[in-house]
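*Asks:* Sequence:
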Amino acid sequence: EAFEAGQVTSTSEPATGQLTARAIPNPARGSVSFEWEGHSGPATLLLFDVTGRLVFHEKTETGRPANLAGLPAGLYFFRIRSGNREGGGKLMLIK
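Sequence positions in the sequence shown follow the working numbering and run 3 to 97.
Bear in mind the hints are in silico, worked out from the structure with no lab data behind them. Please note that the accuracy of each hint is not assured.
To be verified - Cβ-Cβ distance ranges computed for the label pairs, FRET-style:
{"hint": "1", "residue 1": "Ser35", "residue 2": "Lys97", "range": "28 to 38 Å"}
{"hint": "2", "residue 1": "Ser42", "residue 2": "Ala75", "range": "30 to 40 Å"}
{"hint": "3", "residue 1": "Ser35", "residue 2": "Leu77", "range": "16 to 26 Å"}
{"hint": "4", "residue 1": "Asn28", "residue 2": "Glu60", "range": "16 to 26 Å"}
{"hint": "5", "residue 1": "Gly19", "residue 2": "Lys97", "range": "29 to 39 Å"}
{"hint": "6", "residue 1": "Asn86", "residue 2": "Arg31", "range": "26 to 36 Å"}
{"hint": "7", "residue 1": "Thr46", "residue 2": "Gly72", "range": "14 to 24 Å"}
{"hint": "8", "residue 1": "Thr22", "residue 2": "Glu60", "range": "27 to 37 Å"}
{"hint": "9", "residue 1": "Ala71", "residue 2": "Gly19", "range": "28 to 38 Å"}
{"hint": "10", "residue 1": "Ile26", "residue 2": "Lys97", "range": "13 to 23 Å"}
{"hint": "11", "residue 1": "Glu63", "residue 2": "Gln20", "range": "24 to 34 Å"}
{"hint": "12", "residue 1": "Lys92", "residue 2": "Thr46", "range": "14 to 24 Å"}
Even glycine gets a Cβ: it sits at the ideal position worked out from N, Cα and C.
Could you put together the complete structure from these sequences and hints?
*Replies:* So this is what it looks like as structure tokens:
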């Protein structure tokens with residue numbers, strides 16, 4: 003039986019519509035800068051707790067610090083939306 007491969011996507015480059023996003027520093031205390039590649043201009047930062055509840059959101063620019071000091075320590079998931087592109091990752095807040 004023959005195997006046919008579909009479309010092959012490289013894991014080293016973001017797919018169309020994707021941003022490469024990161025939180026700096028990570029883990030972090032209080033203030034975190036979010037950076038992304040794949041689209042320039044302002045973006046919306048969304049931060050979710052481990053239950054999927056939205057706990058923080060704001061309009062931001064790449065590299066601009068976000069004050070997260072009011073959130074408890076723990077694991078969070080972030081999404082960056084800029085234009086029609088999106089990316090995200092994990093963030094650990096420590097006290």
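*Asks:* If any of the earlier hints don't hold here, list their numbers in rising order.
*Replies:* 1, 8, 11
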